[in-house]
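Number of protein chains: 2
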Amino acid sequence: MAGRTNNPGQTVSQRLLSVLDSFDVAHPALTLTEVARRSGLSVSTARRLIGELRAWGGLERLEDGRYRIGIRLWTIGALAPRQRDLREAALPYMHDLFQATQENIQLTVLDGTEALCIEKISSTRAVPTLTHVGGRLPLHATGVGKAILAFSGRDLLATVAAAGLPRMTPNTITQPGRLAAALKEVRRTGAAYSYEEMTLGAVSVAAPVLRLDGRVRAALGIVAHSRAAVDRLAPAVRTAALGIARATN
Amino acid sequence: MAGRTNNPGQTVSQRLLSVLDSFDVAHPALTLTEVARRSGLSVSTARRLIGELRAWGGLERLEDGRYRIGIRLWTIGALAPRQRDLREAALPYMHDLFQATQENIQLTVLDGTEALCIEKISSTRAVPTLTHVGGRLPLHATGVGKAILAFSGRDLLATVAAAGLPRMTPNTITQPGRLAAALKEVRRTGAAYSYEEMTLGAVSVAAPVLRLDGRVRAALGIVAHSRAAVDRLAPAVRTAALGIARATN
Chain A
1 MAGRTNNPGQ TVSQRLLSVL DSFDVAHPAL TLTEVARRSG LSVSTARRLI
51 GELRAWGGLE RLEDGRYRIG IRLWTIGALA PRQRDLREAA LPYMHDLFQA
101 TQENIQLTVL DGTEALCIEK ISSTRAVPTL THVGGRLPLH ATGVGKAILA
151 FSGRDLLATV AAAGLPRMTP NTITQPGRLA AALKEVRRTG AAYSYEEMTL
201 GAVSVAAPVL RLDGRVRAAL GIVAHSRAAV DRLAPAVRTA ALGIARATN
Chain B
1 MAGRTNNPGQ TVSQRLLSVL DSFDVAHPAL TLTEVARRSG LSVSTARRLI
51 GELRAWGGLE RLEDGRYRIG IRLWTIGALA PRQRDLREAA LPYMHDLFQA
101 TQENIQLTVL DGTEALCIEK ISSTRAVPTL THVGGRLPLH ATGVGKAILA
151 FSGRDLLATV AAAGLPRMTP NTITQPGRLA AALKEVRRTG AAYSYEEMTL
201 GAVSVAAPVL RLDGRVRAAL GIVAHSRAAV DRLAPAVRTA ALGIARATN
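Taken in sequence, the protein lines are chains A and B. Numbering-wise, full-length UniProt numbering puts 17 at position 17 of the first sequence, and it's gapless, one number per residue. Numbering-wise, full-length UniProt numbering puts 62 at position 62 of the second sequence, and it's gapless, one number per residue.
Treat the hints as calculated values from the structure; they're not laboratory data. C-beta: ideal position from N, C-alpha, C; glycine also. Watch out, some of these pointers could steer you wrong.
Unchecked claim - Covered stretches of chain A, going by a simulated chain B footprint (3 or more residues, C-beta under 8 Å):
1) 11-22
2) 50-59
3) 73-83
4) 132-145
As the list claims (entries may be wrong) - Calculated from the model, a selection of chain A residues having no Cβ within reach of chain B, i.e. all distances over 10 Å:
5) Gln99
6) Lys120
7) Arg188
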């Protein structure tokens, strides 16, 4: 068995943080070996750092021996003010939308070149989606992503296009020119659609939550079964997004 | 100016985590000097560790030079499964309660010997409370705390009583015997009250969210202006807590 050795250029702090980075929405519980592999650390270093994180409360050990993020990190993460204030302002509007539609409601912000889901309301009756709070969505293939992209600077579109527009379904817009044209339409109408461009069977409509200076703070979206449903829901989504903007500006 | 020196018994990891620990609900934004003081580190060590946390995205720098928790920690904290699953199951019930009452609705879990608020719905019309998501409440003085305490093992009550029952208001129960009698009544009725025992002017009623084996998973509470209001609201709180239990068991 080949023992991996640590990258000698990393500080201890960087190694500790890389242990945390090995967890994500797709990998919420990991074994020691998985943590070592995903963080690029030796198993012995990973074991020691996991021990320190457990003693602190940042990681918890499951009965099957895997580790997951613990309550201490949740508590500290909840202090991030951008999320907290926006969420508290948005929740009443999101619940009004949910009560009227019983569909998935998502609130997202831009993080890097992706849309980060910071709140979600769903029910067992809604279209199944893979989005969790803390999960990320591509900007070019989702309603919320296009709502953010349309009201961000041109630089962001250039960066996203330069990185390539991955095809998620046969309907995904993969040509930068077509995407730019779609975003122009989003700016004109104030609503961004994804017609099975992210997931087959799921159609979404989203609206931007704008700051007073016109920059985008967040995007509010709804995912439903059919094109007819989202066309019907677009005015409600836009109204709720305006309400959230008013509550946060 | 006396320069503080670090505790030589601490590992680098412990120092890094103590930087994070210096932030809490009452101190969401701190200067470098405050971080050093609260974490017990020298200013130069605190500066270096803050730099590593900023580079990673765990801390952000405000325009006034203070630091706050950043989006990266929020994203990782959101992976804590205990909070995520419970919150997602509870939110629809919490919003039903909110819509019917327009009062503060709180969902809390036991963390150590305190009640940790993991979700809150409020409005500008509700009684002002100091509770934020991620904030902590004493068990003996709050409705949610007593609901947790009443349905936890005797060990917890013994621990809480041994640590002393701080007087928050003139109405706080500070005698262990009186608290035990109050908890017996909570077990009999399924509802826990705080009559201005935490904050003057704020009255609360809470109900436990129980697991199938009878252990307590969480407590759902509502804070209102008057004793008459919470007496009227108790059945609604109990019903919502039962709904959350059914959705999570």
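Hint-by-hint comparison with the structure:
1. Coverage of the segment 11-22 of chain A by chain B holds in this model, with 8 residues showing a Cβ closer than 8 Å to a Cβ of that chain against a need of three.
2. With 4 residues having a Cβ less than 8 Å from any Cβ of chain B, the segment 50-59 of chain A passes the three-residue criterion, so the hint holds.
3. Requiring three or more residues with a Cβ within less than 8 Å of a Cβ of chain B, the coverage given for the segment 73-83 of chain A holds, as 11 such residues are present.
4. Figure legend: the segment 132-145 of chain A, annotated as covered by chain B; annotation consistent (3 residues with Cβ-Cβ distances under 8 Å, at least 3 required).
5. Listed as a non-interface residue, A/Gln99 fails to keep its Cβ farther than 10 Å from every Cβ of chain B; the least gap is roughly 8 Å.
6. A beta-carbon of chain B is positioned within 10 Å of the beta-carbon of A/Lys120; the least distance is around 8 Å.
7. For A/Arg188, the condition that its CB be more than 10 Å from all CB atoms of chain B holds, with the nearest at approximately 31 Å.
Checked against the numbered hints listed earlier, the structure breaks hints 5 and 6; every other hint is satisfied.
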